[in-house]
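K.L.:
Single-letter residue listing:
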Amino acid sequence: MEGSERSEASAKWLDAHYDPVANLYTFSSCVALADLHGDGENKLIVGDLGTGQSNMKLKVYKGTTMLSENTLIDLPTGVVAFLMDTNEPRTPAVAVASGPYIYIYKNLRPYFKFTLPPLEVNPLEQDIWHQVKEDKIDHLTLKEMLESFRDKGDMPLSARSLRYLMLEPHEMEAFVNVHKMQTIKRQTVITCMATLNKNMADDDAVGCLVIGTENMEVCILDPEAFTVQAKLNLPSVAVFMDVTGQFDVEFRIIVACRNGNIYIIRRDSKRPKQCVELNSQPVGLVRLNRSIVVGCGKEMLHAYTQKGKKLWTIRLPAPITTMSLMDHKAKGFQAVLVALANSEVHLYKDKILINVTKTQGASNEAMLFYSVWNSYCPIHYGGGLIIKILKRTAVFEDKDTSPGPPLAQSIKLSIPKKTKLYVDQTLRERENAVAMHRAFQMDLYRLRLRAAREYAKALEASMAPVSADLQEPLKMNAVVQGIGPVFKLTLNVQNTSATRPAINLYVSFLYDEHLYSVKRAFFKVPMLVPGLTYPIVTFVESLSDRGASDTIKVFVLATGRRAPILTAHIHMPVSEGPVLA
Amino acid sequence: MGLFDKLAGWLGLKKKEVHVLCLGLDNSGKTTIINCLKPSNSQVQDIVPTIGFSIENFKTSGLSFTVFDMSGQGRYRNLWEHYYKEGQAIIFVVDSSDKLRMVVAKEELDTLLNHPDIKHRRIPILFFANKMDLKDALSSVKVSQMLCLENIKDKAWHICASNAIKGEGLQEGVDWLQDQIKAMKV
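If you're matching them up, the sequences are chains A and B in order. If you read the first sequence in my numbering, its first letter stands for residue 1, the second for the next number, and so on. If you read the second sequence in my numbering, its first letter stands for residue 1, the second for the next number, and so on.
The hints are all genuine.
Non-contacting residues of chain A with respect to chain B, defined by C-beta distances greater than 10 Å in every case (computed):
| hint | residue |
| --- | --- |
| 1 | E69 |
| 2 | R109 |
| 3 | T115 |
| 4 | L142 |
| 5 | D204 |
| 6 | A303 |
| 7 | T426 |
| 8 | L447 |
| 9 | N477 |
| 10 | L505 |
| 11 | S517 |
| 12 | K553 |
Derived BS3-like pairs (lysine-lysine); straight-line CA-CA distance at most 30 Å:
| hint | chain 1 | residue 1 | chain 2 | residue 2 |
| --- | --- | --- | --- | --- |
| 13 | B | K142 | A | K391 |
| 14 | A | K59 | B | K135 |
| 15 | A | K12 | B | K153 |
| 16 | B | K99 | A | K59 |
| 17 | A | K391 | B | K99 |
| 18 | A | K12 | B | K85 |
| 19 | A | K391 | B | K135 |
| 20 | B | K153 | B | K119 |
| 21 | A | K59 | B | K142 |
| 22 | A | K331 | B | K99 |
| 23 | B | K119 | A | K12 |
| 24 | A | K358 | B | K106 |
| 25 | A | K331 | B | K106 |
| 26 | A | K198 | A | K270 |
| 27 | B | K85 | A | K391 |
| 28 | B | K142 | A | K62 |
| 29 | B | K135 | A | K62 |
| 30 | A | K358 | B | K99 |
| 31 | A | K329 | B | K106 |
| 32 | A | K12 | B | K142 |
Pairwise CB distance ranges (calculated):
| hint | chain 1 | residue 1 | chain 2 | residue 2 | range |
| --- | --- | --- | --- | --- | --- |
| 33 | A | P319 | B | I47 | 50 to 60 Å |
| 34 | A | G38 | B | K59 | 33 to 43 Å |
| 35 | A | D222 | B | C148 | 46 to 56 Å |
| 36 | A | G297 | B | H120 | 48 to 58 Å |
By construction, these hints were calculated from the structure, which means they are not laboratory data. Glycine included, each C-beta is placed from N, C-alpha and C at the ideal position.
Just chain B, with the same shape it has in the complex (with noise of 0.2 Å):
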């Protein structure tokens, strides 16, 4: 299969594609991330907040993702769970320099997980523990502490800290969702 898929790719025949949801407060960094992960050419300058949501692409070097990206908005909060149906992984981005909202960040959180939707299957969360520049930022050891991530047991999680401005610390999270996709797939 690993081979075949190399070689598919490699033909440039098709790469697999993957829908992923994009959640996480308002001002935590999504659309800048999501920004971040295209390709150079297609990056656009000012990023303002989202309304609603909007549906934006990336590739990696085995997948081509489809990223719908949510606003974090209290009152579009309500329009996630319309999308969880859809989503084969999930990208939650917290402002770690925001101590204050981190308790709504896990709220949120555990409503997400706790949805019959998203419940019971077995999808990977890449937590970003996003604006790492910040003086007054928390480690991402003391936000998946905050978060509660280890109890967090029946899905593969992995945290990064990360810097959307500079792009730091978004690839290696989206190689490991890439691989923990794969996985999934055999």
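Next up, chain A with everything else stripped away, as it sits in the complex (with noise of 0.2 Å):
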């Protein structure tokens, strides 16, 4: 089964490439494909994100080898190649979004550097830190205007007000020192990108970027002046976005946001049309011929169309790590490739499962990304990279090929089988069934009558461990512990009433003298809280050198009182002290 399994899925795949040591740490959001020097030939772009802290770069392959390298100054958050102008050749540029930054690299080399234009600041805490600097006030003022304009939040303070917020009262005087020279500013930061034609349907047509902002805002840039030339205000900070048609002509922008919505904004709108909840996180974000296929948290793929209808919903084996769309143009054919953390690939053609691809290695988690190299590259969590290419004869088939029902449906109950002894049981209970019923009917008269003496004896004597007045509901048990001569006993008590605290309770003792000594044999039980259970440790020494045992008898008492509440029978074990010594 497993066997033909795997030949029909390498009947479909090459496995081109494999290094598990390629050492990339990366998102599928970093991750471009585009012929960058116009020879026909498609390079991988990838922004490694390095460590995290450091190590950050920008990685160009071609083919198997790495072409070039280039050191990113800040975590990379986008990673696009889009054409700037008509000069020829066509040499795609590539823009790398970090911060409030895109750097643009023509021919490999630093080009450009577009900064975000920064946001307004608030005029009172811009006052504020005016008169700091003609040192107007102190910083203890400071703070505490800062504060004040903080939890009015109409506007949020600058990056420079809330550190200033965040540090000890030492540090903030040379903080104070430092900084107030400077002008104050807002900056935002760019979550997302992606790039949508101008004014043409082709594939070579220059592109305009769109970029999604910390502000909640979707930002066009202008291809060649880097202008913001439209500015669409969000719900929620954008995570995914994809962006079809032309921003000339007719444009849709579908935006998948950190608040679990999915928003559609059309060429005309300043402010989102269509709005899809999901009820949970996305997690991909892809657009399939006129639907949207959304990933989400809870291992679920939902689909809609751009109205924002659903379509429909499939539950997967494994929560998914990233999405990519497959588009084989020359076939015609377009499917969801869906990661998984269980190193497999599913391929998705609307909701038909149509391929199963198991990543070799010991990869938990994968990027991948699909191209026009008929192939994709999953990138392993662990930094491997693994190349696979389509087969040109490979057929995918509008087939379902998810397993049927479960296994489990095809495993017969275990029912347990009747011997003869039980078949003469049921003969003789068909023959004597009146006399049978009388007596246990009988026999239960007795138990019930036996069962309810011993309670009363027991309730009058007060002898159970769990106190039956409503006024004072106690539980205890009793633990001894070591081998003796010396036990150490601790009692347990609880107070099991909802809110009444227990006050003067007493514990008691009763032994036999000449075989034990309890260190205290009476003392006061502190104040017992509900809930909480204390415990009461004491000592018992064995007297007895012929290993005697016997039963001690806790009580735990009230005052005014000659009943006990609760009574703990502890049987001691038989010493090994003797028997040590």
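Dock the two chains into a complex; use the hints.
P.N.:
Laid out in structure tokens, this is it:
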């Protein structure tokens, strides 16, 4: 079964390359593929996150070899290749978004750095810092004022003020002295990036960058002048984006946001018209023909129309790590590649699972990426690079390859067999049913009577370790530890009432004085707070040198009452002291 | 027979005609190799990606070759099998600097060898590990390993490292091919 599955999977994909030590740490948003030199050969562009703090690199692969490596200053959040101009040859530029900047590379050399326009600063905040600069107010007043602005919250504070408010009191003055001379500004950060063709539908048309920012906006940039051409407001921060159409004619931006909603924006509207509410956070967004396929947490894959109507939902066997579109232009075939945490890559065409591939190596997470090489490159969590190429002859059938009913259905239930003994017994029951019933009922009456008698007796003597009194609900158990001659006796007393504490309780031990000596045979219990268990410890010494053992009785008493509330009988173990001695 | 052939060749009567298929992935150098084998006065300067296929002729000392220079682009590769019947020999060109698509070349070679028109005929296959001048090129031994050529048991094959721009290694391959075809005729 497994062998045939494997051969079928390998019948579709060729294992072109496997490098387990490629050392790539990235996400699918930071991977792009483009013909950077205009020589007809696509290069794989990877924005490598390095360790997360250092060693961020922009790596370019040609085939299996690394062509170039550029150091990045900050963590990349998106890498996109796009055509900036109509110059020949048509070599695309690479845009790397990190922080509030977009670094543009042409011919793999730094070419331009775009900075997002700074945001408006709260005028009151600006005023305060101005006063600090002129030494009119000290840093404690500054702190109070900033806190009041923050709590009023009509405009967020700048990064510097927030950093200041975080500091310990003794660090504040030094911080103010260092920073007060600089003008104060508020920056936002890019969260995702995509491209939008400017005025032609072709693949090699000039593209505009579309960026989602941390201050809940989507900006469309002009490809040549790098000015903000259009700005759209969102109710939340964009994390995944899909863009179709042309900027000058008609476009549609599908944005998955951090609040778990998907918004669909058209050209003529400044605010989203349609909204899809997901039941969990989106982890991937792919547009397949006319539907939007969204991978969610809780191992779900949903599809919606572009109007926001739900089409279908699939439950997956493992959480989704990343998603990508497989667009085989030559065959006119589009499908969604979904990488799962169990290192499988599923291929869905609409709601039909048409192919499953297992990536080799112990990858528990894969970034993947489909391209015009007819290949996809999962990049391991461990940093390895895999390239698989689709076979020319591979045909995906529109047939569901997901397995049928679960295996459990074909397992027979384990019903025990009946022997002759059982048959004889049923015969006997059939013959003597009346006598059996009467005898049993009689025994049951007796049993009830005896049980009630014993219960009444125990209640009278307060023998039970759980108090029957509704006024003083208490619970006690006793534990004996040790092998003797000295034992540790722990009483766990608990007040089980909802709100009433138990006060003025005493504990007393009753024992044979020839056999045992208890250090404190009578003492007061502290006030018992409801719900807590109080361990009360005493030490019991066995005096007998012949290894005799007896029962010790423990009573919990209350002042003004003769009968104990609780009683516990502790069967003391045989002291092994004399034997050991 | 050999003597007669030589005599016929010397008299310039008629060289034996052989149909050869030139296969390989796109951008591996098939057209460049064929161009380099042609007499210098009929060589072309600019070589562009082949569309569909083209038919070329060249002569060696003993044979006259008619080569079907097939396009190697993905969408034209299904044309190959229509010409398998006519082929009396195969030249398979591999870009030895393209490690990534070596598996694709192997896949195409496997489908070629398993095709009913090829499978049971003992036709010689000449491999060119082309572009050996590039700095990240694999050696011909490595290429033959990656293509698993040692598994071809029932056909005569030979692999040459070549540089089709300068023409290095081509003559050796064609000489081998000529010997094989002559041996086959006998």
